[in-house]
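Following the hints, position chain B against chain A.
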Amino acid sequence: DQQVKQNSPSLSVQEGRISILNCDYTNSMFDYFLWYKKYPAEGPTFLISISSIKDKNEDGRFTVFLNKSAKHLSLHIVPSQPGDSAVYFCAASPLPNYGGATNKLIFGTGTLLAVQP
Amino acid sequence: KAGVTQTPRYLIKTRGQQVTLSCSPISGHRSVSWYQQTPGQGLQFLFEYFSETQRNKGNFPGRFSGRQFSNSRSEMNVSTLELGDSALYLCASSRTGSGAGELFFGEGSRLTVL
Chain A
7 DQQVKQNSPS LSVQEGRISI LNCDYTNSMF DYFLWYKKYP AEGPTFLISI
57 SSIKDKNEDG RFTVFLNKSA KHLSLHIVPS QPGDSAVYFC AASPLPNYGG
107 ATNKLIFGTG TLLAVQP
Chain B
72 KAGVTQTPRY LIKTRGQQVT LSCSPISGHR SVSWYQQTPG QGLQFLFEYF
122 SETQRNKGNF PGRFSGRQFS NSRSEMNVST LELGDSALYL CASSRTGSGA
172 GELFFGEGSR LTVL
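Listed in order, the protein sequences are those of chains A and B. Taking my numbering as reference, the numbering of the first sequence is continuous, increasing by one, and the terminal residue is 123. Taking my numbering as reference, the numbering of the second sequence is continuous, increasing by one, and the terminal residue is 185.
With the rest of the complex left out, here is chain A:
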């Protein structure tokens, strides 16, 4: 049961244009969403996050939008740069099932972004 879905395994954009990566989720109890970027032979690195009480968060060239009614979030990168070429993972933080805290994340399967010079 894939609770976090990234339906596009790959995306190719031209340098300078906008990259839009999409993510859908099924569990309405997720309270926090994050994007991670992963280069080959490296561990994922945190990119940007958004709380479920917000609908937008911006950090430089990166903006994440959250549409709770549609259970959909997207990552916008503008302008895209060749160094942005990587696999992008969407992740969601579930509410802990015992009332405590947790750092557990549920990840999507990733989208490989290729930014062409």
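What the hints contain is simulated information worked out from the structure, not anything from laboratory work. Because the structure is a prediction, the values reported are computed rather than measured. Misleading hints may appear alongside valid ones.
Claimed, not checked - Taking lysine-lysine pairs in the DSSO-like style, the calculated list, with each CA pair at most 30 Å apart, reads:
| hint | chain 1 | residue 1 | chain 2 | residue 2 |
| --- | --- | --- | --- | --- |
| 1 | A | LYS60 | A | LYS11 |
| 2 | A | LYS62 | A | LYS11 |
| 3 | A | LYS62 | A | LYS77 |
| 4 | A | LYS60 | A | LYS77 |
| 5 | A | LYS11 | A | LYS74 |
| 6 | B | LYS84 | A | LYS74 |
| 7 | A | LYS74 | A | LYS60 |
| 8 | B | LYS128 | A | LYS11 |
| 9 | B | LYS128 | A | LYS77 |
Unchecked claim - With the Cβ distance kept under 10 Å, some of the chain B side facing chain A (calculated, not the full set):
| hint | residue |
| --- | --- |
| 10 | GLY113 |
| 11 | GLU119 |
| 12 | ARG126 |
| 13 | PHE131 |
| 14 | THR151 |
| 15 | GLY155 |
| 16 | LEU174 |
| 17 | GLY177 |
| 18 | GLY179 |
Virtual Cβ for every residue (Gly too), placed ideally from N, Cα, C.
Same frame as chain A, now just chain B:
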């Protein structure tokens, strides 16, 4: 500041063997999580430790186990290895245990089971 360190980086085992992977979190981080990454499956949550206590466990068979030591270092063990256990095993640490915090990942241990 040193990042998350995982050892070994690469290893090859045969079916039926067992393996132990090690993770040293960032200094001061008390939360350690483990994830399995396989092609097409993304990162699958294995378990999470905070102050030596397992707080969460993912949907993996009992052959997968872990522990955390008093210095926050963590190990995971996989017994009776199967071909399907071939994967990149990633460890992540976090300063807080409060959730929604940024996870810092190591480079992973790539396990190949023959």
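Comparing the hints with the structure gives:
1. A:LYS60 - A:LYS11: Distance ~20 Å between LYS60 (chain A) and LYS11 (chain A) Cα, so the pair holds.
2. A:LYS62 - A:LYS11: holds, 20 Å
3. A:LYS62 - A:LYS77: Answer holds: LYS62 (chain A) to LYS77 (chain A) is near 14 Å, not above 30 Å.
4. A:LYS60 - A:LYS77: Holds - the C-alpha atoms of LYS77 (chain A) and LYS60 (chain A) are around 13 Å apart, at most 30 Å.
5. A:LYS11 - A:LYS74: Given that 30 Å is the threshold and the Cα spacing comes to 15 Å, the pair holds.
6. B:LYS84 - A:LYS74: violated, 45 Å
7. A:LYS74 - A:LYS60: Between LYS74 (chain A) and LYS60 (chain A) the Cα gap is close to 9 Å, so the pair holds against 30 Å.
8. B:LYS128 - A:LYS11: Given pair LYS128 (chain B), LYS11 (chain A) holds - Cα atoms ~21 Å apart, limit 30 Å.
9. B:LYS128 - A:LYS77: holds, 25 Å
10. GLY113: Result: holds, 4 Å to nearest chain A Cβ.
11. GLU119: holds, 5 Å
12. ARG126: The hint holds - ARG126 (chain B) has a Cβ within 10 Å of chain A, the shortest such distance being about 6 Å.
13. PHE131: Violated, because the Cβ-Cβ distance from PHE131 (chain B) to chain A comes to roughly 13 Å (cut-off 10 Å).
14. THR151: With Cβ-Cβ at 26 Å, over 10 Å, it is violated.
15. GLY155: Interface hint status for GLY155 (chain B): violated (17 Å vs cutoff 10 Å).
16. LEU174: Because about 6 Å separates LEU174 (chain B) from the closest Cβ in chain A, which is inside the 10 Å limit, the hint holds.
17. GLY177: Nearest chain A Cβ about 5 Å off; hint holds.
18. GLY179: holds, 6 Å
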